[in-house]
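Number of protein chains: 4
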Amino acid sequence: MTHKIAILGASGYTGAELVRLIATHPSMEIVALSADRKAGLEMAAVFPHLRHLELPTLCKIDEIDFAQVELCFCALPHATSQKVIKALPETVKVVDLSADFRLRDPEEYAKWYGGAHDAVALQQEAVYGLTEFYRDEIRGARLVAGTGCNAATGQFVLRPLIAAGVIDFDHIILDLKCAVSGAGRSLKENLLHAELSEGYSAYAVGGTHRHLGEFDQEFSAVAGREVRIQFTPHLLPANRGILATAYVHGSAEEVYATLARAYAAEPFIEVLPFGETPNVKHVRASNFCHIGVVGDRIEGRTIVVAVLDNLTKGSSGQAIQNANLMLGEEETAGLMLAPVFP
Amino acid sequence: MTHKIAILGASGYTGAELVRLIATHPSMEIVALSADRKAGLEMAAVFPHLRHLELPTLCKIDEIDFAQVELCFCALPHATSQKVIKALPETVKVVDLSADFRLRDPEEYAKWYGGAHDAVALQQEAVYGLTEFYRDEIRGARLVAGTGCNAATGQFVLRPLIAAGVIDFDHIILDLKCAVSGAGRSLKENLLHAELSEGYSAYAVGGTHRHLGEFDQEFSAVAGREVRIQFTPHLLPANRGILATAYVHGSAEEVYATLARAYAAEPFIEVLPFGETPNVKHVRASNFCHIGVVGDRIEGRTIVVAVLDNLTKGSSGQAIQNANLMLGEEETAGLMLAPVFP
Amino acid sequence: MTHKIAILGASGYTGAELVRLIATHPSMEIVALSADRKAGLEMAAVFPHLRHLELPTLCKIDEIDFAQVELCFCALPHATSQKVIKALPETVKVVDLSADFRLRDPEEYAKWYGGAHDAVALQQEAVYGLTEFYRDEIRGARLVAGTGCNAATGQFVLRPLIAAGVIDFDHIILDLKCAVSGAGRSLKENLLHAELSEGYSAYAVGGTHRHLGEFDQEFSAVAGREVRIQFTPHLLPANRGILATAYVHGSAEEVYATLARAYAAEPFIEVLPFGETPNVKHVRASNFCHIGVVGDRIEGRTIVVAVLDNLTKGSSGQAIQNANLMLGEEETAGLMLAPVFP
Amino acid sequence: MTHKIAILGASGYTGAELVRLIATHPSMEIVALSADRKAGLEMAAVFPHLRHLELPTLCKIDEIDFAQVELCFCALPHATSQKVIKALPETVKVVDLSADFRLRDPEEYAKWYGGAHDAVALQQEAVYGLTEFYRDEIRGARLVAGTGCNAATGQFVLRPLIAAGVIDFDHIILDLKCAVSGAGRSLKENLLHAELSEGYSAYAVGGTHRHLGEFDQEFSAVAGREVRIQFTPHLLPANRGILATAYVHGSAEEVYATLARAYAAEPFIEVLPFGETPNVKHVRASNFCHIGVVGDRIEGRTIVVAVLDNLTKGSSGQAIQNANLMLGEEETAGLMLAPVFP
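Residue numbers (the working numbering), protein chains in the order written: chain R, 3 to 344; chain Z, 3 to 344; chain Y, 3 to 344; chain H, 3 to 344.
Isolated chain R, as found in the complex:
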């Protein structure tokens, strides 16, 4: 059976990545693509790499006949997303890739995103889209909130460790490096090739990055007490990929055993042999996440390194993984594309 799919906000990188993945998905068919300012254009004019595909012309959202749409990926900007989703018919399943439904607490939302939520009821209903940990809820959900790409990476490292209580909750540092596509197709000086290439810098230093809202919510829930981590993202001179280096207090062997156990049956998460660490290049353009564990020379300190592709496993691949569950398909359908190397 083929599921009829709409993508709202198809002119951004996550929109293009959804189209790329659906192009070889066995049971999804794109019936509508919206892009407000580019309505009327063909997708090939916006993304020439998709030229070979037969795709609907870009349109405005209100031109879409949602009666024929079974599931809608919403890749709109933050804040816009909640308004649009609120207005969709209840018959349409939704995977939202924005930040709008990630935080369940309206106060936390206001704190991190600077204003009241426009769709509080939906906010309560939305399921957090970290597939590996919310699989059952996602299967039955109408609305799934895709996670932040950094938030996903950090949780793949830390969530099982916090759940198992094998690390000190008060000494968790996440030094994360994200490639530039995480910032979207936005025209900013620091995203220019001339400024980014051969450059490297931290940003949102000191605990101001919005993905901390997700870490706080999820880690505290898992721990059963408030957990606050330190998190410093850096902008990498590369296009795709996140590498997170986590510094924790805990036994390396226990940390390793906990992660190995947690992910033993997971199709997309590979725990490397003890003592090895991954390279972000080895998951490029794929839905895989590689995790490595090394004990520090200082007894009781452990380093965990994880990598994933922010546009795939960190965003659009995750979205399709969730959609597969919501549609009753195999979770891995269309997502087993091997990483592109070199």
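Since the hints were made in silico from the structure, they are not lab data.
Keep in mind the model is a prediction, meaning the values are calculated, not measured.
A portion of the hints provided could be inaccurate.
The list cannot tell twin chains apart, which means a pair is met if one copy fits it or any two copies do.
To be verified - When the alpha-carbon atoms are kept at most 30 Å apart in a straight line, the in silico DSBU-like pairs for lysine-lysine are as follows: (1) Lys6 to Lys190; (2) Lys113 to Lys6; (3) Lys40 to Lys190; (4) Lys62 to Lys190; (5) Lys40 to Lys113; (6) Lys40 to Lys62; (7) Lys113 to Lys88; (8) Lys40 to Lys88.
Got chain R; can you put chains Z, Y and H on it based on the hints?
For chains Z, Y and H alone, kept in the frame of chain R given last:
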């Protein structure tokens, strides 16, 4: 039906690209992977990006039971390839990715490759693997010689123009830019990141690049007279992709019409609207080739620009396209992966 | 003696490059820096790499006391430049880095830049700033027009050959590759790291690039007849540097001898041994230009390759070279910085 | 007065960087360049970017007449360096860029470098070359040991904080990112453009990097007790530059005040305004180091970020800074070149 596949020389980039593509191919199964100096290792140790796949352990060629192999991709170094293929059982179909069987004339081979051919009979038998122009012969072939990646790009531009006689055969210039994976996984100073990144240079200037042997052979055959083009390759500070800029004498409209007609039914070759030129980034990691035509301000001069991914359409993707034909499968099987952007 | 210098338009890449070079210049002192939209900011806020320098605060042009300024570099956008320079006191020498005064013929200007010139008298007075060929005029000039960076590169290759008549004027092709800083600090989608890195494309194909106006003007003047070349620029995934590959009809030995003779005494232009070609990385961040000559396998066809740094020799370094002459200083003062490699 | 300089090991990146810097140094003259395997070649053959300079032909060390040499930079591989320096006449001052004389304790040397030291007396005599902290000793030294590039970066951040006792010595984490030229011009697979570009990985994870020997020695000496930090280097897809992110326990205001005070008079170290962090691109190809301090959202935790160019301030620039002192010259002579951006 599943075809049992061996890959000889699996530890190079074209070998890895074959594995990447076969990983999601509907009817190929890898039963043997050879790598002389890395025999005994798992593929994941050599190419960690393939870690999620269940693959045979790397072995030596003589450890392979070719009785169970239906088709063999040979991604060995030039000169080695002919020795190995000569020794394979006749029951095994072979797609060779080396240069060994591209030139049919032993003298031309000796001229460009510096020595006598070791398997002259096979050299005569081999079919030149430019699928779009040798489709019928490839279908029935036992041995197909994959083309040079530069040679493929240049031919996609020039072959129909020479065949149609719409350009001056004595004024053809091909200024080509190739990314670094075209040089393979070889340890050379000029391939180091520190030397290549932010660098750019021509090489094999003046008509000494071996792929000229292919151009000479093919263009002369098509033209029915000797054709000699000028060809200058440049090394691009990028990992994948070839962009060829061809300068020809001929009417832009005629050139465009000829190319549009030649490729109208081709699944992998996209001729852009007249006046547009392609970007190599838009075919990355895919089997597609984009071609654009522009008339120069000087009457009667035309510029044609073509792009493809040297590892895919220029090498391993082409090899699978040919193998599909040889195995009686759909030509496009496993090859419709959309380009990866950004 | 120290010369008091103003830089108008200091917030762009050529402005920053001027400051970088003047920072270690033995006899120039910056007394004013203008940047219209960033007036009031310190230079370190706009270009943190200049943080260690004591520099004037950015101001508006009309805040500058030009009575104290001996020479003014004008790095303003095209069209703005002519208006500003027209209004400057006659006591101030000017090196203009825009395109406004490169073309002497008002009709040619209108054709390439799309409108009437606003300062026709100055247009006639301005000396074309290709130092190696206009040295004497530059020494006595009040206004020097910096050349286009592509135009400089092409002329270093072709000008002596046309002057000597050793090549066929009707078969000149210039295939040029320019790094992204040539496009300035402008917010365009195709200049984003995510779009440019691993990308490669031609632009202004077919003879529409404005630097052709300079080629037409200069080559025709040198030849004593109309000369029209073919010129195709490509955008390189790199930050600095231009590599030009010229295809000419003429004897390689004569071409080589002509270039070697022309540049034998030049401090910044290095002609490589016959048969060698240069790498753009070897002139990075310097005022040097390397040129190589190779004969093609086709008798009578020659390839010449030249490299320079578009921001230095192609723009701000050239500007300082000209200013040195105008100020009666050693032509090489402050410009002997060795290239940065790797 | 001009000082006669020899560079041993001139065919590596630090050797080339020395030549680049000395090219515009006001009082140094290169009289000998050695390169064992490339003896007999001109420097331009090994490093074409130095083509414009008149330099001695590369020779073997024993061909150098050290009687005419006042100071010798030794850029040889680790272990080789100590043998060579031991054999030099005592009249020659030496700045060693290898690791051989960084550790004063022979046991520590053996532990980190895997063998007995070959010149223990010299090891005791050598002064540690972190100029800003050993200025007086360096002035009178015969042999100065250049620091590790990572070790320099980490010490610029941590040394004043440990000396002042404003941070907890038992909770210091240094997450460091180093560009690829730090690995030298060595032919290794992971240094190839195709493998490094768009890649990113940690290495020497868990406290095995040799520069930890320097941290242990220096920090313990400063603290007056044993100090052991956690240190994880990462390989950055870039050519030059180190960015170190330090996580410390201590008041951000105190940390900032301590660093601002420590470096107030330093010509090469710039402490940014409180709350700002630096970009490695802003010190490229220069001898500057930028440092920024931010308080974390968790009370009592502070993040300090520092950047420098590993080849300049981290190695060859530092070496010249030390040589200036040893030769009685201005410390900044030849080193005020502004960073290259973009």
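Evaluation of the provided hints:
Taking the shortest Cα distances, Lys6 and Lys190 never come within 30 Å of each other, neither inside one copy (35 Å) nor across copies (34 Å). In this assembly of identical chains, the alpha carbons of Lys113 and Lys6 never lie at most 30 Å apart, being 37 Å within a copy and 52 Å across copies at closest. In the homo-oligomer, the alpha carbons of Lys40 and Lys190 lie at most 30 Å apart both inside one protomer (20 Å) and across protomers (16 Å), since each shortest distance falls under that limit. Taking CA atoms no more than 30 Å apart as the test, Lys62 paired with Lys190 passes in both settings, with 25 Å inside one copy and 24 Å between copies.
Proximity of Lys40 to Lys113 under the C-alpha cut-off of 30 Å is found in neither arrangement, the shortest distances being 33 Å within a copy and 32 Å between copies. Taking the shortest alpha-carbon separations for Lys40 and Lys62, only the intra-copy value of 8 Å comes in at or below 30 Å, while the best inter-copy value is 37 Å. In this assembly of identical chains, Lys113 and Lys88 lie within 30 Å of each other by CA distance solely inside one copy; the values are 22 Å within and 54 Å between copies. Taking the shortest Cα distances, Lys40 and Lys88 sit within 30 Å of each other inside one copy (23 Å), while across copies they are farther apart (42 Å).
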